[in-house]
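Engineer: Whatever position you read off the first sequence (first residue = 1), add 710 for the numbering used here.
One or more hints might be untrue.
As a list, the in silico DSSO-like pairs of lysine-lysine whose alpha-carbon atoms are at most 27 Å apart [to be verified]:
no.: 1; residue 1: Lys823; residue 2: Lys1137
no.: 2; residue 1: Lys823; residue 2: Lys992
no.: 3; residue 1: Lys1062; residue 2: Lys1115
no.: 4; residue 1: Lys1115; residue 2: Lys1099
no.: 5; residue 1: Lys995; residue 2: Lys813
no.: 6; residue 1: Lys1062; residue 2: Lys1169
no.: 7; residue 1: Lys878; residue 2: Lys853
no.: 8; residue 1: Lys813; residue 2: Lys823
no.: 9; residue 1: Lys823; residue 2: Lys1099
No lab work stands behind these hints, which were simulated from the structure alone.
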Amino acid sequence: MPKLFLYNSYTRQKEEFIPITPGYAGLYVCGPTVSGESHLGHARPYITFDVVKRYLRHLGYKVRYVRNITDAGHFEEEGREAIDKVNEKAKLEKLEPMEMVQKYTNLFHHGMKLFNCEDPSIEPTATGHIIEQINMIETIIAKGYAYEVNGSVYFDITRYAELYPYGKLSGRVLEDQLETTRELDGQEEKRNKADFALWKSAPPEHIMRWKSPWGEGFPGWHIECSAMSSKYLGDVFDIHGGGMDLQFPHHESEIAQSTIAHGHAPVNYWMHNNMITINGKKMGKSYNNVIKLSELFSGNHPILEQAYHPMVVRFYILTTHYRSTLDFSNEALQAAERAARRLWEAYELVKKLSHPGNETPADANLDAQVNTWCRECEDFMSDDFNTAKVIANLFFLAPVINGIKGGQVAPGALSAATLELVKDTFKTYLEDIMGMQPMQASQNNKLDSVLSVLIDIRKDAKKRKDFATSDQIRNKLAEAGVLLKDEKDGSVSYTVE
RNA sequence: GGUCGGAUGGCCGAGUGGCUAGGCUCAGCUCUGCAAAAGCUGCUACAGCGGUUCGAAUCCGCUUUCGACCUCCA
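Could you put the whole structure together from the sequences, leaning on the hints where they help?
Structural biologist: Right, here's the structure in full:
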């Protein structure tokens, strides 16, 4: 198996990936909170880790990919006035909490499908794992690192920090945390401001509630990921992924809880994707600049100049390294749209390209260069998933492919084996690993036959040198969003906008 | 305020000491009835100042500036 290096946020350096069990890889990614519609920001981590998963599989690992759905818990943890988001919105929409959770879960799944993100192996919900969470909290209490107050349970950070490097992942110093002035619900009953809730006592009006050894309540946010990841991947697992904004407090707390509950750190490699920004500002509910996925795909948003195909968004995300911030703009996405289209068309083209059969390339230099470009893709991916460089190499190959079709490159310039390698490289990296798909709706047969009638009429007109007619057909079709292309060999192809 | 990370050509973005990243845009050319597409060519940048080095976008220092996290967040 080829070596894979990835950047471990915990140690802040690139490390070789050594799985716990040879041949197997366990991957946990924090999923969405389904109290609202999925937005552009969600696209980044799930596309990023979709590619991680696909690449691990490509390398030969059997991957178990667990991604949770947060449908309870930390909605309710917030300040006094923030109330329970699920309850609140449910009243407004006159929906049952679980009905709303279901609705947004479905929408999330729909978005993931459009992005061509593969389903996780297991998609556990927080509400489905209350028992596991309670068990874990009991263990932590028994070990003396959590305490109960008025039906709520808090994790004792101060005690934890005596023995363990609390704050290492997020680069934080506990003393600073203790001085924080934030006003959190239940702040006065905590021993220490930095302590976080494992279990919250539910006020009477709270709908989502479960029985526990400490009375009726609901789990804190962080405990769900710890309980579910250890259940499905083990007390120690390979890779934990998520957005950078989750490093603190979420992932830091996960580490603390699991370390106490299981006696050792839970994760070997932490991976964090960077944020998407809009006009230089992070997109988030608090900033009021959220673009929902449905708005992105329809173009129905003040910031958007047009609708963007899910594959354009996916491609755009992959042209940037996952640890860099990615600034959104119409200009950038429109550039990505052209680029993605060109690359995909080259792929479609190379699939159909036939080779004269010579085993010795007519152009040895080009042949060698092409081989290098193809083989480098694996090196780039294995160096912390550098999709940007892979895409650059595919763009080196595109002119060669187009050149063979267009006659600028001799058909036998490459050896038969090299042409096969090019085909395989596009299939493997563009389609299988980066998960790109065609952006055109599959053409339906009726449209096809209607167009072929028009194309034939136009061909006749051209033969008669009746260019007025042929241009009229082409122009009218263009107005209708169908672009005709006269190919070199006399055939006509078309694309639908 | 604390912690951390950026500042790359018209735009987006790779890149950690020497080798053209790439894409998009733009201009010219080839092909073409014309277009489109495609190919070729051109546009060659690393915030500023200083330092280390034979050599720096890349390392160090300072300055300016932007952002992230510190509160739910992907």
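Engineer: Under the constraints set out in the numbered hints, which ones does this structure not fulfil?
Structural biologist: When the structure is compared with the hints, none of them turns out to be violated.
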